[in-house]
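Asker: Sequences are here, hints too, so could you generate the full structure?
2 protein chains.
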Amino acid sequence: MAVVESKEWYLSAYVSDGLPTSDHLKLRSVNLSLAADSIPDQHVALEILWISVDPYLRSIMSGHDDGLCIPQFQLNQAITAFGIGRVVGTKDNNFAEGDVVVNPLSPIAEYCVASAAFLRKIDTSAGIPLPDYLNSLGLSGFTAWVGIEVLGNLKPGSNVFISAAAGGVGMVAGKLAKLKGCRVVGSTGSDEKVKLLKDEFGYDDAFNYHTETDFDAALSKRFPDGIDIYFENVGGKMLEAVLNNVNKGARIPLCGMISQYNQRWTEREGVRNLLNMVGKEVRMEGFMLGSYMNRFGDFMKEMEGYIKEGKIISKHRIYNGIESFLESFNSMFSSSNVGKVIIQVRP
Amino acid sequence: MAVVESKEWYLSAYVSDGLPTSDHLKLRSVNLSLAADSIPDQHVALEILWISVDPYLRSIMSGHDDGLCIPQFQLNQAITAFGIGRVVGTKDNNFAEGDVVVNPLSPIAEYCVASAAFLRKIDTSAGIPLPDYLNSLGLSGFTAWVGIEVLGNLKPGSNVFISAAAGGVGMVAGKLAKLKGCRVVGSTGSDEKVKLLKDEFGYDDAFNYHTETDFDAALSKRFPDGIDIYFENVGGKMLEAVLNNVNKGARIPLCGMISQYNQRWTEREGVRNLLNMVGKEVRMEGFMLGSYMNRFGDFMKEMEGYIKEGKIISKHRIYNGIESFLESFNSMFSSSNVGKVIIQVRP
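These protein sequence lines map, in sequence, to chains H and P.
This note's numbering applies: residue 1 is where the first sequence begins, and numbers increase by one.
This note's numbering applies: residue 1 is where the second sequence begins, and numbers increase by one.
Do not rely on the hints blindly, as some may be mistaken.
Since the list gives no way to pick one copy over another, a pair counts as held whenever it fits inside one copy or between any two copies.
Listed next, the in silico EDC-like pairs over lysine to aspartate or glutamate satisfying Cα-Cα at most 20 Å (straight line) [what the hints assert, rightly or not]: (1) 237 x 66; (2) 248 x 65; (3) 237 x 269; (4) 178 x 302; (5) 237 x 267; (6) 248 x 66; (7) 308 x 298; (8) 248 x 285.
Everything labelled a hint here was simulated from the structure, so no lab data went into it.
Answerer: So, in structure tokens, the structure goes:
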């Protein structure tokens, strides 16, 4: 391959409040040489096939860190996410043309040249659809697994509550908890998704937080015996309601808080009842996947098993074409999706 | 002994907001028979000598539980606290007249008849002053010890911040952290106490939260390398400031939040930056002493050793006479004390 034209998304202005618009995120075409003599040693050229769209990206578009401690995107640089690509040129002995790889630092673009150090090869002979590697076998699935399996201390019969339950992480977390014999209830943003959670995802119960706005009542009704584990994806008022309904020794793994990303921290809803953590001896614990990478192999093995046995089915909301990034990203904040948001670069 | 007149404090109305007044807490005289045939089996009659006055009592004067899960005081009943008494009559083989005991459910009164099951005998031959058994060897000391030794995961060189540092719990917690080789900074409510913390209690630094009201700045100045352990006694804005200055993997044991007790939870200051717990992988954990009673022996042994070696000196603020309870209790919320508040029933 010689020179290709590659469309890529870049950040032209930081997003101080609210959602990004076309004033902040812009698409441009760049010419990229994929010729062998343009690829540095230990690098490969990739045609990008799939891109994972995740809420945490919002927290690194602000220009100031407000909680996640991930470096902010640089202005006028291509923004990056987890992606899957096919090797179309290689200067690394571990990768051959045609290999399909996961790239944790993929530009949101059509092509790239990437350091081989961070790539992980996908065994396409396993017959697992590629988007699954960005979903239950990717960032979302691993986040769910660490929260539920490593930090949640689940037992059969534990009462588990999951917010953003139909999203990429919540969906897998709920399934994992069900597979452990727990009673699982989820909150989500539409009646249609409530139905899906109960009928397709195996949740014992679910509610729509847009119509049942008294979260305290919604939870006490569904957890007459209290909440043992809250898998926190939301923050704010939902966390307060949970703290009013927790059992002694409850666990709250924190992986992110989608309700909090669009505001500076000083503008956010405070949580007023942390004192409940004392009497109920609650443990709340933040986690970042980087600290659990030594468990990634265990995760992959367990999750591949579940997928092959049909026990976990990855649900995706696929957006078509690299042009759809802005729309697909903002959709996550409006309760309009079911499942993990993924872009198919060339539909 | 026959019939004695005993003054006792009782709750005549629940305290919905703010501090209790003489409208809520009242003193009355009751006639109490201490004659042998008036004492039930497995009970003893006690002359009460010392009473421990602690902030958590506020949380059980409201008539509604707002976090600590301790049963509320009953209206018109004598209120109870930790106390030390001398046995003046006995129907239990384990206790003789003249024994001195700690009673975790002592009425705030001059005399009582108590179940022997909950009493713990003090070895007066050890030569430790009796008030110490309500201070560093009592509830305050055990709270400090569990937070620092069991949950804090301290290492030599850890950066430790303690709020309400000159209070009963904070004082001992700071000393324990210093004995483990940590760098310890405290916040307190007066310049005089700042000086005491630095000069007498061995704190490396301290600040007055009434004059340094930008807590974020006060902490970032004193913790250029960040906070590893925050021993939380306060809640609200101070917790927010800590979460803006924590290190990766920081620990926050929660034993109580004195800034929060005087309000219903819906009126309290919310904590808006819990998202920081994600990126920094912070663990926040509430604890109640009841869950750690299997460690009480370890605690007593270690703490008695420190006291005998002069490594921990119990500082008390002693109020005189049972009549002083209301004044002594409210004093804890106005930054006016140094050390543990204790009543000497008969000065």
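Asker: Between copies, within a copy, both or neither: which fits residue 178 and residue 302 at Cα up to 20 Å?
Answerer: Answer is within; shortest intra-copy Cα gap is 15 Å, inter-copy 45 Å.
Asker: Using 20 Å as the alpha-carbon threshold, which applies to residue 248 and residue 285: within, between, both, or neither?
Answerer: both (16 Å within a copy, 12 Å between copies)
Asker: Measure nothing new, just compare the shortest in-copy and cross-copy C-alpha distances for residue 237 and residue 267 to 20 Å and report within, between, both or neither.
Answerer: both (14 Å within a copy, 14 Å between copies)
Asker: Check residue 237 against residue 66 for me: Cα-Cα at most 20 Å, and say if that holds within a copy, between copies, both or neither.
Answerer: both (18 Å within a copy, 17 Å between copies)
Asker: I want to check one pair: residue 308 and residue 298. Are their C-alpha atoms no more than 20 Å apart within a copy, between two copies, both, or neither?
Answerer: within (16 Å within a copy, 51 Å between copies)
Asker: Since the copies are identical, ignore which copy is meant and state whether residue 248 and residue 65 lie within 20 Å (CA to CA) inside a copy, between copies, both or neither.
Answerer: The answer is between: 15 Å across copies meets 20 Å, while 33 Å in one copy does not.
Asker: I want to check one pair: residue 237 and residue 269. Are their C-alpha atoms no more than 20 Å apart within a copy, between two copies, both, or neither?
Answerer: both (7 Å within a copy, 14 Å between copies)
Asker: Reference check for the pair residue 248 and residue 66, CA-CA at most 20 Å: within, between, both, or neither?
Answerer: Result: close only across copies, 15 Å inter versus 31 Å intra.
Every hint, counting from the list given before, is met by this structure.
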